[in-house]
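Asker: Sequence:
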Amino acid sequence: MRNAHTQSLLDHWRDQRGETLAPRKASIEPKAIKNHLAFAFLLKREAGDKFTFVLAGTGMCDLFGKELRGNSFVHLWAEQSRNAALTSLIRVSNLSVPTVAASIAETEDGRAMPGEVLLLPYADERGETTYILGHFQPLDPLSRLMGRKLVRMRMTANAILTGDQAGPSAAVFAADKRSAPKHLKVVSTR
Numbered sequence: 001m002r003n004a005h006t007q008s009l010l011d012h013w014r015d016q017r018g019e020t021l022a023p024r025k026a027s028i029e030p031k032a033i034k035n036h037l038a039f040a041f042l043l044k045r046e047a048g049d050k051f052t053f054v055l056a057g058t059g060m061c062d063l064f065g066k067e068l069r070g071n072s073f074v075h076l077w078a079e080q081s082r083n084a085a086l087t088s089l090i091r092v093s094n095l096s097v098p099t100v101a102a103s104i105a106e107t108e109d110g111r112a113m114p115g116e117v118l119l120l121p122y123a124d125e126r127g128e129t130t131y132i133l134g135h136f137q138p139l140d141p142l143s144r145l146m147g148r149k150l151v152r153m154r155m156t157a158n159a160i161l162t163g164d165q166a167g168p169s170a171a172v173f174a175a176d177k178r179s180a181p182k183h184l185k186v187v188s189t190r
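Numbering of the sequence shown is given in the numbering used here, commencing with residue 1 and proceeding in unit increments.
In case anyone wonders, no lab produced these hints; they're calculated from the structure. Quantities reported herein were computed from a predicted structural model and do not represent experimental measurements. Treat each hint with caution, since some may be false.
[Stated by the list, open to error] DSBU-like mimics (lysine-lysine), calculated; alpha carbons at most 35 Å apart, straight line:
1. Lys-25 - Lys-149
2. Lys-66 - Lys-149
3. Lys-34 - Lys-44
4. Lys-25 - Lys-50
5. Lys-44 - Lys-31
6. Lys-66 - Lys-34
7. Lys-50 - Lys-66
8. Lys-44 - Lys-149
9. Lys-34 - Lys-50
10. Lys-50 - Lys-31
11. Lys-66 - Lys-31
12. Lys-44 - Lys-25
13. Lys-34 - Lys-149
14. Lys-44 - Lys-66
15. Lys-50 - Lys-149
16. Lys-25 - Lys-66
17. Lys-31 - Lys-149
Using the sequences and the accompanying hints, generate a full structural model.
Answerer: The structure is reproduced here in structure tokens:
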């Protein structure tokens with residue numbers, strides 16, 4: 001991730017999750033993520049592979065020049081990025097893994113706004129991961145858009161976010177590093 005703001009939301013999600021695969025949607029506390037609300041959004045997985053905005057922050061709606069609630073998340077993406085966006089959403093929902101995507105959002109006249117899109121899984125009352133808390137983090141000052149509205153996003157990369165710093169795999173890795181030899185020995189056989 002390129003932005004500390006995005007990392008802080010991921011850290012909050014990890015704290016909320018605890019030992020479960022995904023925290024419950026009911027655990028989302030707006031006060032706890034108040035610094036992220038303007039560009040945050042909540043998606044719900046409908047029947048099949050349709051992901052719809054349940055909520056969207058005022059900053060996010062203002063960037064796209066419309067109320068996003070009820071709209072398809074996938075349709076914010078340019079045609080060539082829709083399959084990657086849908087694949088990311090399905091992965092987050094099916095595997096309960098957080099994902100980040102590098103993106104370039106564009107205005108109608110092609111003005112670009114680089115950003116990060118964080119997707120975090122949340123479980124419904126039955127324990128199924130049907131909700132995704134998302135966040136769009138612009139990486140350039142919004143003034144570069146000069147008041148123009150975004151019309152689409154292109155995905156340039158995406159990654160599953162694994163390896164909690166306090167998780168067991170990180171602890172084992174740290175222990176392995178401490179016990180590793182401090183020098184190399186070259187052995188040649190002929």
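Asker: With reference to the structure, classify each hint as holding or not holding.
Answerer: Each hint, compared with the structure:
no. : hint             : result
1   : Lys-25 - Lys-149 : holds (30 Å)
2   : Lys-66 - Lys-149 : holds (9 Å)
3   : Lys-34 - Lys-44  : holds (21 Å)
4   : Lys-25 - Lys-50  : holds (18 Å)
5   : Lys-44 - Lys-31  : holds (21 Å)
6   : Lys-66 - Lys-34  : holds (22 Å)
7   : Lys-50 - Lys-66  : holds (20 Å)
8   : Lys-44 - Lys-149 : holds (25 Å)
9   : Lys-34 - Lys-50  : holds (28 Å)
10  : Lys-50 - Lys-31  : holds (29 Å)
11  : Lys-66 - Lys-31  : holds (25 Å)
12  : Lys-44 - Lys-25  : holds (10 Å)
13  : Lys-34 - Lys-149 : holds (24 Å)
14  : Lys-44 - Lys-66  : holds (19 Å)
15  : Lys-50 - Lys-149 : holds (25 Å)
16  : Lys-25 - Lys-66  : holds (25 Å)
17  : Lys-31 - Lys-149 : holds (28 Å)
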